[in-house]
Amino acid sequence: MSKTIKARKYNSSALQELLDEITPVEMEQTKVKMQLAARIEDFVRAKGWSKSQFAERVGKNPSEITKWFSGTQNFTTDVLTEIAFVLGIELAALFGKKQPQVIYRKEIIVKSEVRTPFIFSSTPLGQGGEFYGQYLFNNQNTSAPFFQNFQA
Amino acid sequence: MAKIENNYFKVELQLKTIELLNGTLQLPVVQNAAITSFNYNINIESRADAANKLVFVIVHVQIKNDNQTNILGALSVSCVFEIENFEEMIKTEPDGKLNIPQPLIDTLNSISISTTRGIMFSTFKGTFLHNAILPVIEHNQFQV
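Protein chains in written order, with our numbering: chain H, 1 to 152; chain A, 1001 to 1144.
Check the hints yourself; a few may be wrong.
Unchecked claim - Residues from chain A that face chain H, not an exhaustive set, calculated with beta carbons under 8 Å: (1) Thr1036; (2) Asn1039; (3) Tyr1040; (4) Asn1041; (5) Ile1042; (6) Ile1044; (7) Arg1047; (8) Asn1131; (9) Ile1133; (10) Pro1135; (11) Ile1137; (12) His1139; (13) Gln1141.
Derived by calculation from the structure, the hints in this document are not laboratory data. The structure presented is a predicted model; accordingly, all values stated were derived computationally and were not measured. Every residue, glycine too, gets a C-beta built ideally from N, C-alpha and C.
The following block holds chain H by itself, in its conformation from the complex (with noise of 0.2 Å):
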């Protein structure tokens, strides 16, 4: 018969003084800083990168990095935005919005001449048309030009 191994519940009036001690907002303060913090190092080892060559890349020294992947750092903006352009993604996802991976980005520069309009450059639908206009729309076995539908 196998016996199941629980985790005894801890009770301590110190432990819960303490806890009690913290605010909420310091709570999620906390829990965001350490979210934020794996998933820098998340980036990171998708990137197949040493703690130390993060570090060479965002010009820090490696004792720093691990301060970063601790989960006690306390990020500047200015810092983020260095470190998501050094990981090549964008800002928000560091905060786990995972947004759609660029895939292609190209520019084009074209040009085009503005003509005076001749006479061929409208399409011909109505009486007018002695050309390809006069039948348009028609299949081969019925001869009615097309505006004839919408005569009275």
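Add chain A to chain H, keeping to what the hints say.
Coordinates of chain A only, in the frame set by chain H:
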């Protein structure tokens, strides 16, 4: 769902959504001067959402005057494609990057630019940009 099959690839796709993201007109300072030609700066960006098998093609067009000094108008259109055989067509590389084949880029860009041309015409119809019709773009210009 449309199937496009040729010697290079076989794709099943559907144009799910078309969005007009932005459209602006800017009257030229000298309004009586005839515009003899338009320059179009086209920026195409494609984004892929593998989880939902979607590809977003966003086309930004800036219409400039003859000597490219003034922006006369701008328009941005987003076309959302659903690719049924997404995993088959767009491969995920070991580093997580998605790799889209050039023939598929050509197809999606071509559809998106044509759609943008139509929207552009209908947006600027009757204005001084009435004759600014986005030229036909050759596929080789889509290559990075």
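Evaluated hints:
For Thr1036/A, the interface hint holds, since its Cβ comes within 8 Å of a Cβ in chain H; the closest pair sits about 6 Å apart. With a least beta-carbon distance of about 5 Å to chain H, the hint placing Asn1039/A at the interface is held under the 8 Å criterion. For Tyr1040/A, the interface hint holds, the least distance from its beta-carbon to any beta-carbon of chain H being 5 Å, beneath 8 Å. Because the smallest distance between the Cβ of Asn1041/A and any Cβ of chain H comes to about 6 Å, under 8 Å, the interface hint for this residue holds.
The restraint placing Ile1042/A at the interface with chain H holds, with a minimum CB-CB distance near 4 Å, inside the 8 Å limit. For Ile1044/A, the suggested interface contact is upheld, since its CB lies about 5 Å from the closest CB of chain H, less than 8 Å. With a cut of 8 Å, the hint placing Arg1047/A at the interface with chain H holds, because the nearest CB-to-CB distance is about 4 Å. The beta carbon of Asn1131/A is positioned within 8 Å of a beta carbon in chain H (closest approach about 5 Å), and the interface hint is therefore held.
Because the beta carbon of Ile1133/A sits about 6 Å from the nearest beta carbon in chain H, less than 8 Å, this interface hint is met. For Pro1135/A, the interface hint holds, the least distance from its beta-carbon to any beta-carbon of chain H being 5 Å, beneath 8 Å. Interface hint at Ile1137/A: satisfied, since its Cβ lies 6 Å from the closest Cβ of chain H, which is below the 8 Å cut-off. For His1139/A, the interface hint is violated, the least distance from its beta-carbon to any beta-carbon of chain H being 11 Å, above 8 Å.
A least Cβ separation of about 5 Å between Gln1141/A and chain H falls short of the 8 Å threshold, and the interface hint therefore holds.
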